[in-house]
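Engineer: Chains as they are written, first to last, in the working numbering: chain A, 1 to 164; chain B, 1 to 785; chain C, 1 to 289.
Treat the hints as calculated values from the structure; they're not laboratory data.
Nothing here was measured: the structure is a model prediction, and the numbers come from that model.
There could be a bad hint or two in this list.
Distance condition first, Cα-Cα at most 30 Å in a straight line; then the derived BS3-like pairs of lysine-lysine [what the hints assert, rightly or not]:
(1) C:65 / A:10
(2) B:8 / B:569
(3) B:650 / A:152
To be clear about the criterion: a stretch of chain C counts as covered by chain A if any three or more of its residues have a C-beta under 8 Å from a C-beta of chain A, and this derived list gives those stretches [said to hold, decoys possible]:
(4) 106-115
(5) 259-266
Backbone N, C-alpha and C fix where the C-beta goes; we use that ideal spot for every residue, glycine too.
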Amino acid sequence: MENAPLFSVKVTVNGQLFEREVEPRLLLSDFLRHELALTGTHVGCEHGVCGACTVLLNGEAVRSCLIFAVQAHGQEIVTVEGLTPDGGREALHPLQEAFREAHGLQCGFCTPGILMTLIPFLQEHPQPSEGEIREALSGNLCRCTGYHNIVKAVQLAAETLRHG
Amino acid sequence: MKNRYIGKPLRRNEDARLLTGQALFVDDVHIPGMLHVAFLRSDHAHARIGSIDVSAALERPGVVAAYTAQDLGDYWQPGPLLVPPPPIKDIVFHACTQVPLVRDKVRHCGEALAAIVATSRYIAEDALDDIVVELEPLDAVVDVERALEPASPRIHEHIESNLAAHVVQEKGRYETAARQAHRIIKRRFLYDRGVAAAMENRGVVANWDEKSQQMTIWDTTQAPIPIRNGLAAMLGLSESQVQVIAPFIGGGFGPKIMMFYPEEVLIPWIARELKCAVKWIEDRQENFFATTHERGQVHEAEMALSEDGRILGVRDVFLHDTGAYDPYGLTVPINSQCTLLGPYRVPNYYSEFKAVFTNKPIVTPYRGAGRQHGVFVMERLLDIAARELEIDRVEIRRRNYIAPDDFPHNHEIIYQDFAPLTYDSGNYLPALERAVEMIDYHKFLEKEKARLRAEGRYAGIGIVSYVEGTGIGPYEGARVTVEASGKVCLVTGVGTQGQGHYTSFAQVVAEQLGVEVSDIRVITGDTREFHWGTGTFASRGAVVAGNACHAAAKAVREKILKLAARLLKVPEADLVLEGGRVQVKGKPDQAIQLGDLARQANPLRGAVTPGTEPGLEATAYFGPERGATASGVHAMLVEVDPETMMVEIKRYVVVHDCGTVLNPMILEGQIQGGVAQGIGNAFYEQLHFSDNGELLNASFMDYLLPTALDVPPIETDHIETPSPLNPLGVKGAGEAGAIPTGALFVQALEDALSDLDLEINEIPLSPQRLFELVEAAKLERTVVS
Amino acid sequence: MKPAAFDYHAPESLEEALALLNEYGYEAKLLAGGQSLIPTMNFRLARPAVLIDLNRIKELSYIEKNGSGLRLGAMTRQRALERSELVANHAPLLHETMPFIAHPQIRNRGTIGGNIAHADPASELPAVMWALDGYLKLQSAAGERRVAVQDFFVGMFTTDLEPEEMLTEIEIPAMFPRSGWAFREIARRHGDYALVGVAATVRLDEAGRCEDARLVFFSVGEGPVEAQLASDALIGELPGDALIETAAALAAEADIDPDGDIHASADYRRQLARVLARDTLRRAFERTK
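Could you build the full structure based on these sequences and the hints that come with them?
Structural biologist: This is the structure in structure tokens:
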């Protein structure tokens, strides 16, 4: 199809309102990365398995490779950049801090998606068991860590978040 | 002197950037006006090209250019042979390397036929449909054994068969050993293909700036400097005109050391043709075809043993599936051949392999790089020998270990670095004993197993040993500079793919200079910053680049002490470096900040003393005479559901010896990650090809990477036997976790299913395959009884 | 892996959506949660000319009591079902199944209607709805009809839906007293499509004899596969281990005729089916007490 009409998308990302004209087929992952230059959201498989592109849509974790940008019209999105509005210069989010402390990342490519999966998970499960953590992580693939230290990082983060 | 930084589990310098989404990966590079490339890839594994017509694609709005092999002119060249064959007597080797775009014949599915350049990747993919290809499908060569039959179709017509290489290495006389043997164990072993599946696919961005005549390339490579050198030569540019940057890389694991990938050759060329920036990012589907594979081998092996279970000799003849081309030479099968010997005394060894071309994607090293296969064969032979000779599995290993006073131990064959396979150091028994203790081996076999069995549960234990030749040459370099701020800059040529180089290398430098690790800025993988080196591969970063960092830091330390001694008017021996300053021992008020020293070493007026250099800076190189041999023991407990054949790993223990540990936290991460890949390789991941050579499971839906629920917690401990071959005493650790897992997995499964006398001589397994093997074993028992 | 271009419509009401569907018919694909459709589009295995996005139609998203049963709007997110107390209380089999469907990130988008209408033979919800004797409301601009789940699935990815029709509501009847249920699947990894799965519902009469039994498998055929011979063996009998074993063996050996693929051979699927049938029947009968 030639010259598909463009659609206007107004979307709040990390608290900021953006307005862009996009082709309807543009994936939300590409929109965030290439239209909004929020390259912290990574793309690993584009078929909804690896979880690297996970972002929050109205507070819930979703695969941004399985949503069209036009569908985000009028919605609220949070990406990994939204966890530290100053880019982490002052302080990391407690979850990020825990990942650093427990060596929960190596190459770091899957990490943003894992963080975004865990944010709502920890809200829903402030005291998660190891089994719950592993199940929560099972929709995000990591090829470097063997998950062991990610689990430790989540336990650490849960503790910090509980005790402030 | 007690280490201040080396050996400490320090948090990583690079993490803040990675955790906040601020780290630059190749696909994050954005240049105004940048164009995007998609490749048309062959659905056929073997086909002769008639014609490729891109004219309709060029009509599509948004398409800027389209290229086939014909358009490349003299730039079209098969890639270089990366690793020439080692100097082994009577070696046969046919180099057939990959091409940028197929010109005459497709040799594996997914091989690139044409490139489309467009204003977006979406449009570039649209235009792939517009290309008209006429080709004649040919019978595909898929099975590695049938590939050598005279009637097999030939993949490279200029050589007389599909034989890529034939290598024989021999130590002593196996036949003599076999004649004296009490028992000979003979089996056939299979190891099938998988992919590395780094979470980040490959990608290249190239920007040709016509005004400055500069080419800048961002590449997901593990080897930016050789890429720069090669591309400059191919493009007819000076090396100073080409900058290759390997920024943050989302996992390497070996396939990203392969060069030159066709896309790596084409994207810079297109950028220069079009005088602009061009991006190609591999998608996951492409990654299954266009990035290299590993692991396909078929072994026919035998072991000659004495009555008390001592190895008298081993004979192994194997086929190695190299895929459609062999640009990486013989590294993988040579590693299989050499690593088979493991930590054992093997007085007589006959090893012969044939590397074979098939119509499948190219095989190059992937984490372990052939070592898995050797370990699998050896450990399986020992397991079977133990069973037949009624010796405990741990005991037969103990009896055959090389003794601690038998190092260096020369195995008298040639290793992948072309040097004789000589183990520099090792001490194997303590690791075995520690692993036995940690997993409670004896208690499990004496009590637990029977207790669980009485409950109807099938649990089993496994324990295996391995060695890994690591840290091979030729060399790496590093430059250390103390800046006027007092902070330190460390630059090295190797790239980094998650190994924590920003921290572990900084620890090595901090040790010498007495500055905080967080005050050391590490730069890796940018040829403009450092342009001598080879790359990150073969578990060599810490060994080779680490020691180069050490040498450069030591040289800077000497400069610091010399200058400070002059300024503070005390002998150098009276000075200490700590807290970012030089201080007279016992006199904290007599001190000078490193930043001040750096300024004094680089004055704006006056003269630098003749014979000295300005600044507090040094560049150093390190090249080991040969590799350092790491080793370890892995043990596991598994439970098998006898009805569904689903397997649960209950415990996994690793006792590892990689010499001096730079950062135990990073080291454990490397091991845990390696084991996870090993588990994937053993039970989840397998590539399935059709008879036509099509890959049937090129997606993460059907190629199963283990998840957090599939990888158990990994319990680790360390033995430190420092390498005498480098000043830090380090050995490589990157691949170790992945190497023995397959052998361990099958041993533990056999133990769990020991009621059936099941013998498993293949990897990867799956519940489905296990079901078949168990059914066959049951049937055999019925027939026998 | 970028999707091909399409015309995009995002109606705000059901009426508008049905009008669009009436206009485009075969050319159009309905976009519900998109968690199966968009990957297929990214692989360019699906190239719909027109996408009608149902995500803005609020009226299609609800979980309501219907007597002692439930009515579920087709665009209700799977995650909402998973968290719903109504579902937990009135359709416990559905509640038990939800965590096995992919992962939370997928269930946050995926809808019940989208899943059922996609008719993936490896999907959990069609089999579960079958076992629950569910009804489906199919609407078009011309009107509506109510179809039993058992009559809805025609084949692999094929349903009774006409091109201009849309699944708008799923009706789950009330559970009878003395009913039991169970769900189990075996997948290579948690969240994957199952190698084999089964949903079981049973009901006892006052004397404790099995009055009704449904054993509905998925991933063993072209769609949900009901084990009729197994049911026949159970009905009228007093449940017990031997009976359950017999029924499970009948289900695995006679009722289903699975194919093999790279993940599981037909024989292995039968073996899993037998184990799953046995375990779910046991559990379901336990729950009648």
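Engineer: Hint by hint, note whether the structure agrees.
Structural biologist: Here is what the structure says about each hint:
no.	hint	in the structure
1	C:65 / A:10	violated (36 Å)
2	B:8 / B:569	violated (34 Å)
3	B:650 / A:152	holds (18 Å)
4	106-115	holds (count 3)
5	259-266	violated (count 0)
Hints 1, 2 and 5, counting from the list given before, are not met by this structure.
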